[in-house]
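Participant: Position chain B relative to chain A; hints supplied.
Here the protein sequences come in this chain order: A and B.
Numbering of the first sequence is given in my numbering, commencing with residue 1 and proceeding in unit increments.
Numbering of the second sequence is given in my numbering, commencing with residue 228 and proceeding in unit increments.
No lab work stands behind these hints, which were simulated from the structure alone.
Among the hints, a few may not be true.
Stated by the list, open to error - Here are the in silico distance ranges between beta carbons for each label pair:
#1 A:Ala64 / B:Val443: 41 to 47 Å
#2 B:Asp251 / A:Pro69: 25 to 31 Å
#3 B:Ala417 / A:Ala59: 43 to 49 Å
Using N, Cα and C, we set each Cβ at its ideal position, and we do this for glycine too.
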Amino acid sequence: MTTAVELTDEALLAKMIAGDEEAFTALYRRRHPSVYRFALRMSGNRALAEDVTQEVFFALIRHAKRFDPARGSFSAFLFGIARNHLHKRWELDKRLVPSGLGNEDMNGNGSRNGSGKTQFSMAIQMGTTSGNELSKEGSRSTIPGVPEEFVSQETVARVRTAVASLPENYREAVILCDLEEMSYEEAAQALECPVGTVRSRLHRGRAILLEKLDEAPFRYGASAVGE
Amino acid sequence: MAIDCAQFEEIVHELERAGTPGFDFREDAFAHAESCPRCASLLDKVMALESALDSLAVQDRSERAPAHVEAALLAEFRRQHAEAAYPRRNVRLTTTTALAMAAALILAIGITVPLWMKHKSNVTGSPVALVAPPNGSAGVASTDETAKGNSASSDFDYATDFVSLPYADDPRTLDGGTVVRVTLSRSALASFGLPVAGMGSSEQIPADIALSEDGVPQAIRLVADADLDPTN
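Here chain A stands alone, though its shape is the one from the complex:
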């Protein structure tokens, strides 16, 4: 007999619509971490990320039938909902943030995190995760000459800060395509834009990251994990 964890998202969704609580739980446990991480990386705020995650799955419970597999993957559907909720929250928060605050990062790049927090504090919040120990599990780097285990904690922290300081459009593309490993097509569905737009945003976002990180070059070897 097929267990819930072995079923596809679509199969679980169908069972969930029929009232199967186990299917909903399996679907939530499978998909919520990426939704939560997306919201956390976009906002830099754990409380907001929790709210958004909850809202995304509340919406799924109430409007599960709105998912149309012909229009994209289930994952992209959830990211799209998450993005909409983030925008709603930012619109709401903007009214509460005094003018001139919250719309620029500490580097004056004019990027928005929407929560009224600076991008620096975003990176700090993310940096206090329980997963600070670098893990080799799931590594997908195949680039010759740069073993992933030699990327220093300091470098990762700097990249985290740099990603958090990207303008919103570029940040979304980098988070979805690089950190959540979505294809251009899936990201385009989630971001409701053409594939070419995703490609150019990702390209531009990475170029900005390089500029930011170029100020102090990457270090390998001596500053590796466990130093």
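Facilitator: Relative to the frame of chain A, chain B by itself:
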């Protein structure tokens, strides 16, 4: 295929991304970088960035929403499906019934009152109000008392006290109004909870309706003497 620096820059971020245009030309890009120091430097930086992003993704992989989020969602899921299984049909029926009753009553008044007024004016030549409220005021509570002392209604016996209609205002808030006599079907009266069983065999039974100043029916009572049915 040989590529130039501009083409290299365009695809350098896609060399490790399968299914992209850059991935298809990665060997050409690596070959170009071997012959171009500037592009080789860019390739090194991009590879370092790739690796750092991978590390960041791995580091955050354990991020999860707290357990209370799942608990809240499960509670909502159960609530939604419990509601779907047991819809609030009774409430909807009650509301629908009340609205239907109100509509029926208003329709009945709309038909009966003009007929009765026409009949009355033909008989007495006097207009309108059956029961004039004392001092221009007719609260539901006082209507019953005053009606008995009123010449136009003194001949009637009232089988019941006024019964508030389902959507009626608080009778105590009524400052003025009118009592009009109508005839209603037995079933319509029964739907208001009035005891029509002892009201003879006629399908049409006379009743008094207390109207508020704005003409909205507020209460109803049966009139015992069917012979005095104004529509007869």
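Participant: Determine for every hint whether it applies to the structure shown.
Facilitator: Hint check results:
no.	hint	in the structure
1	A:Ala64 / B:Val443: 41 to 47 Å	holds, 44 Å
2	B:Asp251 / A:Pro69: 25 to 31 Å	holds, 28 Å
3	B:Ala417 / A:Ala59: 43 to 49 Å	holds, 47 Å
The structure is consistent with each of the numbered hints, conforming to all of them.
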